[in-house]
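Whole structure, please, built from the sequences with the hints as guidance.
Numbering (the UniProt record's numbering), first residue to last: 1 to 161.
Hints listed in this document are in silico derivations from the structure and should not be mistaken for laboratory results. Check before you lean on any hint, since a few could be wrong.
To be verified - In silico DSBU-like links for lysine-lysine, alpha-carbon gap of 35 Å or less:
no. : residue 1 : residue 2
1   : K129      : K53
2   : K143      : K121
3   : K32       : K131
4   : K141      : K72
5   : K32       : K141
6   : K32       : K57
7   : K32       : K92
8   : K27       : K121
9   : K105      : K27
10  : K57       : K105
11  : K131      : K141
12  : K53       : K105
13  : K72       : K32
All figures in this text were calculated on a predicted structure; none of them were measured in a lab.
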Amino acid sequence: MKKVIGSVLLASAFIATTVFASGNEVKVGNLKIENPQARATVPAQKMSGGFLKIENKGGADKLLSASSPASKTMELHTMTMDGNVMKMREVKAIDIPANGTVELKPGGLHLMFIDLKSQLKPGLSVPVKLKFEKAGEVEVKFKVGGFPAHGEPGHDHSKHH
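Shown next, in the form of structure tokens:
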């Protein structure tokens, strides 16, 4: 009986670790973080975008910051239209409404990896620590994938900072 319980506990720990490490879904407090992804880069590229979905099953919260060993710094950003030009700017926090959902995606709210330490290659996982006002901190694995390089007006980060 002890072997069965030990096996079940070991299997449960493995499954929980696999779900966390897969980068598909992580829960912290009332928040569920889904599909965290980072944009693949070319050699010597120093910036990249990070995207995810945050579902909130509780009271309002805020994403305050992000950090990763993959880059010197990370920032929270938004994209807005200024006339006919899409502009990117840093925001101090991202509001997560009570019982609501926020999507960080290309052309909208997103995370910026700034001063990357190495190339982000498709298939890799990048650890990112997210800090929320109420839910606290959580580490999430961002899966590096290819995203369309064209068709996103104003999403060129080459002249950023």
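Evaluated hints:
no. : hint        : result
1   : K129 - K53  : holds, 15 Å
2   : K143 - K121 : holds, 10 Å
3   : K32 - K131  : holds, 14 Å
4   : K141 - K72  : holds, 17 Å
5   : K32 - K141  : holds, 14 Å
6   : K32 - K57   : holds, 8 Å
7   : K32 - K92   : holds, 21 Å
8   : K27 - K121  : holds, 26 Å
9   : K105 - K27  : holds, 19 Å
10  : K57 - K105  : holds, 21 Å
11  : K131 - K141 : holds, 14 Å
12  : K53 - K105  : holds, 8 Å
13  : K72 - K32   : holds, 26 Å
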